[in-house]
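Novice: If you read the sequences in order, they're chains A and B. When we follow the working numbering, the leftmost residue of the first sequence carries the number 1, and every step to the right adds one. When we follow the working numbering, the leftmost residue of the second sequence carries the number 237, and every step to the right adds one.
Calculated directly from the structure, the hints in this document are not laboratory data. Warning: the hint list may mix true and false statements.
[Said to hold, decoys possible] Away from chain B, derived, C-beta distances all over 10 Å, residues of chain A:
| hint | residue |
| --- | --- |
| 1 | D41 |
| 2 | L44 |
| 3 | D61 |
| 4 | D178 |
| 5 | T188 |
| 6 | W196 |
| 7 | G197 |
| 8 | K202 |
| 9 | S203 |
| 10 | F211 |
| 11 | D228 |
[To be verified] Here are some of the chain B residues that sit facing chain A, going by a computed Cβ distance under 8 Å:
| hint | residue |
| --- | --- |
| 12 | V318 |
| 13 | K366 |
| 14 | L370 |
| 15 | L372 |
| 16 | G374 |
| 17 | W434 |
| 18 | G440 |
| 19 | I458 |
[Stated by the list, open to error] Computed cross-link-like contacts, SDA-like style, restricted to lysine to any residue with a CA-CA straight-line distance of at most 20 Å:
| hint | chain 1 | residue 1 | chain 2 | residue 2 |
| --- | --- | --- | --- | --- |
| 20 | B | K407 | A | E159 |
| 21 | B | K407 | B | M274 |
| 22 | A | K202 | B | W463 |
| 23 | B | K429 | A | K202 |
| 24 | B | K429 | A | L200 |
| 25 | A | K108 | B | K407 |
| 26 | B | K429 | A | P33 |
In this text, a Cβ means the ideal position worked out from N, Cα and C, and glycines have one as well.
Each chain, letter by letter, is given below.
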Amino acid sequence: MDQKTLKRIALGSSVLVLALAAISQMQAQTKTPYPSMAALDHYLMPDRNAEIALARSAAPDSISHDAKVLVLGPHGYETAVEGTNGFVCIVERGWMAPFDNPEFWNPKIRGPLCFNPPAARSILPMTYKRTEMVLAGQSKAQIMEGIATFAKKELPALESGAFTYMLSKEAYLTDRGDHNMAHLMFYTPLMDKAVWGADLPKSPIMLNPQFALEGIDVFLVLTGMWSDGTLAPVNN
Amino acid sequence: MNLEKAKTIALGGFALVAVLSVAWQAQAQDAETSYKSMAPLDQYLMADRNAEIALARSAAPDSISRDAEVLILGRHGYETAVKGKNGFVCVVERSWMAPFDDPEFLNPDQRLPLCLNPSGARSHLPLTLKTTELALAGLSKTQMFDSIKSAFDKKELPLPEPGAMCYMMSKQQYFGRKYRNADPHLMFWYPQKDHINWGADFPGSPVDLHQYSPQPITEFDISVSRWSDGTRAPVNN
């Protein structure tokens with residue numbers, strides 16, 4: 001190889017390194033579009049009835065019709081409708097995502113879900129706690145610390161069979177892709193995800209590290225059907 | 237429309253209803269009377285060992301079943317055909333794993349492939365092995381029922397461990413005349429005493445509930461959207 005060729009390769013390599021560095025910087029910037037909490041109003045829904053309807057859309061009407069419904073106010077979740085079947089429907093916000101999720105503060109996130117009775121007793125308190133700390137203006141680091149303490153000292157023991165419906169066609173779960181997917185969520189003690197065959201190619205089960213800090217695994221099962229009975233796109 | 241035409245349509249309608257009714261009745265009676273007793277054992281067996289291994293594995297995506305242990309049914313019970321290394325066990329169950337009051341309990345055509353996860357293999361597979369042993373021994377349905385009940389009462393058969401579940405996503409599964417190949421689903425098992433409310437069997441819910449007897453087990457079936465090969469399944473809900 002002559003000196004000219006070597007120079008060309010070296011120059012080419014430098015250009016490539018610079019280009020890769022620029023791309024990586026751009027990627028980093030696009031990964032953190034929500035570095036901190038937006039104004040509270042951006043997270044609230046001004047139309048209370050719309051929030052009730054959205055919360056209920058998480059499960060088939062046969063279940064959510066008789067469920068208790070909570071809506072988010074400036075000071076936390078409030079009961080909007082009393083229920084009779086032990087289920088609780090609610091629209092969660094971005095801060096219920098894993099703490100390292102770049103969309104943690106995304107004000108567009110609307111995650112309607114209906115908790116079955118064991119989940120309403122043993123999982124929903126985490127939603128209350130995180131929301132309470134967020135609305136009190138705490139930083140993410142403070143919330144993480146508070147949640148770790150809460151999980152150790154106050155969180156009720158996880159009940160067997162705790163699960164939630166997330167079948168709303170109107171959910172907005174992420175800026176990415178279709179923004180949504182029809183699924184159920186199962187809550188278990190921390191375990192090896194391979195035990196359920198999660199995250200393997202073509203498996204309908206995924207592990208969501210949402211409550212890793214709290215010591216709880218969240219397994220998603222993709223159902224392919226919305227709560228209104230129509231077909232959901234399959235995007236696993 | 238003139239009177240004659242109306243009469244002809246009405247007569248045709250009645251005739252169609254009558255024919256359909258007779259056909260339905262005949263089919264129902266046929267299903268009930270066809271499987272009163274065990275068919276010759278050969279009809280429950282699969283002659284091609286490799287075909288049974290492939291069918292068992294088709295219960296779960298290849299990423300799970302290729303490393304699973306595979307059992308196949310022989311004349312004296314299930315035998316290990318392939319050793320596994322991921323803790324899953326794939327097996328093709330036969331009709332006697334249906335509820336005891338199922339009219340197709342002894343339908344020799346049924347082929348029910350499933351892949352049990354490790355806790356399912358430890359705590360649910362023993363029920364499959366025991367029930368199969370009783371069926372192959374030629375016991376009557378009543379005797380099988382009593383024996384299974386006694387085994388649970390004496391704790392010879394375990395209750396489901398936490399997280400016990402299985403995949404049933406084979407496109408080739410056959411549940412018999414009524415449910416045919418049903419839909420791809422996952423099954424989760426819990427001890428019956430847990431009384432869990434999953435909103436199962438409500439209109440529009442993807443969750444079905446089965447409370448078998450005499451097994452003190454609650455089974456939740458969750459329909460999923462794809463067969464194990466990744467193709468989209470029809471929606472039956």
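Novice: Which earlier hints can't be squared with this structure?
Specialist: Hints 3, 5, 6, 7, 8, 9, 11, 12, 13, 14, 15, 16, 20, 21, 23, 24, 25 and 26 contradicted; others consistent.
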